[in-house]
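Novice: Sequence:
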Amino acid sequence: MARISPLVAVPPLAFAALAAVFLWGMGREDPGGLPSAMIGREAPALPQTALPGKTPLTDELLRQPGVKLVNFWASWCPPCRAEHPTLMDLAQDMPVYGVNLRDIEDNALAFLAEGGDPYAAIATDPKGRGAIDWGVTAPPETFIIDGEGRVLYRHAGPLIREDYTNRFLPELEKALAGE
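Using full-length UniProt numbering, read the sequence shown as starting at 1 and increasing by one per residue.
Read the hints as simulated data drawn from the structure, not as lab findings.
Built from N, CA and C at the ideal position, the CB exists for glycine as well.
Just so you know, not all the hints are guaranteed correct.
Stated by the list, open to error - Here are the computed distance ranges between Cβ atoms for each label pair:
hint, residue 1, residue 2, range
1, A177, Q64, 15 to 21 Å
2, P170, K127, 33 to 39 Å
3, A113, P170, 30 to 36 Å
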């Protein structure tokens, strides 16, 4: 009688474990959302550099009363270009602050001249060190900040289409209702 190796059970067990992880992930409340350790905490420090001719973004601005947005963006980022009209609309109703990430100043200024400037103030993060403190993985990412400078929500990806209306907008409305 042939003896069966216990190693034969490894592939089916590995498959079952992977399937369990996928099923758990699909059952989360927001399977497309990326959790953030920043939620409920004070917003991290901002880079101290700014684009020439633009209002510098300071930590004090994040602690002013009212809900505001902090958007990490770059001129070389196609999704940032796609979300730009949404930011222009949002800027009519609340402060939208920008952090220009790993960009060339002239390119960033040209981008804003071309599509309009939704940002009430801008910081630059040429080496991406500030983005690391905020937990930014890649632009665009937008944070909803309350009147005390605490992070209420983090949205990874462009603010467009269903992602904007189904995920970001309800969180923004919740933040505005809690003012």
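Novice: If a hint holds in the structure, say so; if it does not, say that too.
Specialist: Verification of the supplied hints:
Restraint check, A177 to Q64: a C-beta distance of roughly 19 Å satisfies the suggested window 15 to 21 Å. A beta carbon spacing of about 34 Å between P170 and K127 agrees with the range 33 to 39 Å that was offered as a hint. The beta-carbon spacing between A113 and P170, approximately 33 Å, falls within the hinted interval of 30 to 36 Å.
Checked against the numbered hints given earlier, this structure breaks none of them.
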